[in-house]
Amino acid sequence: MSQYIQVAEEEGDEPMEVPSEDDGTLLLSTLSAQFPGACGLKYRNPDTGSMRGIRLADGRLYPPDTEWSNRIYVAVFPKSENKRKSGPPTTNSTPSTTTSPVVNEEQDSLAARSKKYERQKCSDLIVLGLPWKSNEEDLRKYFSQFGDLLMVQVKKDPKTGQSKGFGFIRFSDYEAQIKCMSQRHMIDGRWCDVRIPNSKDGAQQMMNRKVFVGRCTEDMTAEDLRSYFGKYGEVVDVFIPKPFRAFAFVTFADPEVSQGLCGEDHIIKGASVHISSAAPKNYDRQNDRKGTPTQAHPGFTGSYAPSPWSQGPRGTNQPIPNQGAPIAQGSLPNNLGLGNLSLGALHINPAMLAAAQAMLSGQGGWGPIGLVSQGNNPPPQGGTITPNSATVTGGGGETSSQASVQSFGSIGSGSQGAAPVPPPVPNNNSFLGWGSSQGSEPGGSPGVGWGTPQSKPGGTWN
DNA sequence: GTTGAGCGTT
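So that you can map any letter, position 278 of the first sequence is 278 in our numbering, and since no number is skipped, the others follow by simple counting.
Source of the hints: derived by calculation from the structure; they are not laboratory data.
Only a predicted model underlies this, so the values are computations on that prediction, with no experimental measurement involved.
Possibly wrong hints are sitting among the right ones.
[Claimed, not checked] With a Cα cut of at most 27 Å, we get these calculated BS3-like pairs of lysine-lysine: (1) LYS210 - LYS159; (2) LYS269 - LYS242; (3) LYS242 - LYS231; (4) LYS159 - LYS231; (5) LYS133 - LYS164; (6) LYS121 - LYS242.
Please model the complete structure; the sequences and the hints are all you need to start from.
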C-alpha cells in the first residue's frame, strides 16, 4: 500500500511528504521530482547517532526494516565541493527588486576570483511563460527559494509597461542555478520554464584581447568599465561608442583574461551586461551561409530542452529516450561538468560542440577568424580546442553553430514546430506534457510524483 | 482591458 514518506532536504529542514509505490518502495524519480538532483535517501539512526543510508536498487528506494515508519528522511545529493546551503551567507540581502551593484562587485573581488573560476559560473537565466501580472518582486520572492538572486528583471513593453511574459534572473550560486533549472516553476498560477537564454554564446570565439560588452547602460562610463574589469586583468583600452549604443569594447593586456570573461554576464551598476568576443567587423557576413540571419555576435539560438528530468514519464520509471544523462536515476549531476559552457540542461561541452560543428559544417568555420584582423596575437597553435576548459578557441561560423546546437536542442521540444529535427522521442504528444498546454498539469494525471513545489495549482491561467 | 512563443534598447 502506498503511503507518504517524510523527506527533508537537509537535516532539520521542514520535511515534505512524498508518496511511495504500492509495493512500499519509493521511486527515486518520485524523490527527485520533489528534490531535484537527489540521488538517495538517508536518515539518522537514533541508536548509533550516525546517518544511515537507504538501499537503492533499480531506481527504487527500499524502506529500512521493511517499514518507512514515521521518521524523517533526508535527501542525499551528489557530493559537492563544499556543502553549504545555497548561497553564501554574505551581505547579499538586497530587498530591492533590482540588483545591488555594490554587492556584486564585491563578490567579484580578486580574492574570490580564483575560486570563482574553478567553479561553474552562473549565467543569466530566462524565465519563460510568466503571467502577465507577475512583477519583479513576485519573481524575486519565488526564486529566492533556490538561492540568492543577483538580478531580477521582467521584460515589459516600454510604452504600456505591460509585461512581455518573460524575464531574466541571475543567481549568485551556481548550485542554485542548477537546481532552479532542473524543474518547472509554478508562478502565480502558470507553469514557467527557466532556461539558459539563447543569447548566450554556445561556442566562444577565439583568442582576442578585446571583448564586446553588450547591454551597457547609459550611465556606464569608460572609467566605470575600466575599474570594473580591472579586477580581472590589466585593461588597456575601453571604447564606448558615441552616441550611446548600449555596448562597449574593453581590451585587456592579456588575451587569457578576455577569453576567460567571454560568455559571461556581469552586473555593473545594476545592469547585466553580456561579455562576448569582439568580432571583427563584417566577420559575420563573410562567414554567413545560405541566408542565415546576420549576427555580429552569434548567439545560441538552439532551443533548449526544458530540463526533462523534472518531470519523468508519467507514472513510470523509464529513462527518457535519447537523454544523455541517467536522469531516470535521478542523479542530476551537481556540476554539469566543467567546460560545459553553462549550457545547463543539455550536456554539451565544447568538445561535443566542436565535433558537431565539424560534422555539420563540413570544414571551414574553425579558422582563426578573429586572429587575422587582430594582428597582434600569436598565431594559432595546433590544437587550440581545449575541451575541458570553458573556452574554445577557434570559432565556428554561426550557421554551423546553430545547426549543431539545434540538433541537440530538439530533445523534447514538444510543440515547437520550428525544430529542424523532430524530437527523438515516440510520437506522443503527452510526452512530458510541455508544449503549450498551460494548465493541463497540476491536478491532472495522478501517479506522477510531482506535485506543485509550493504553490497554488488550480488558479486561473490568465 | 486582449496574448502565450519567445530571448535581454549590440
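Please name the hints from earlier in the document that this structure breaks, with their numbers sorted from lowest to highest. Per hint list: 1, 4, 6 violated.
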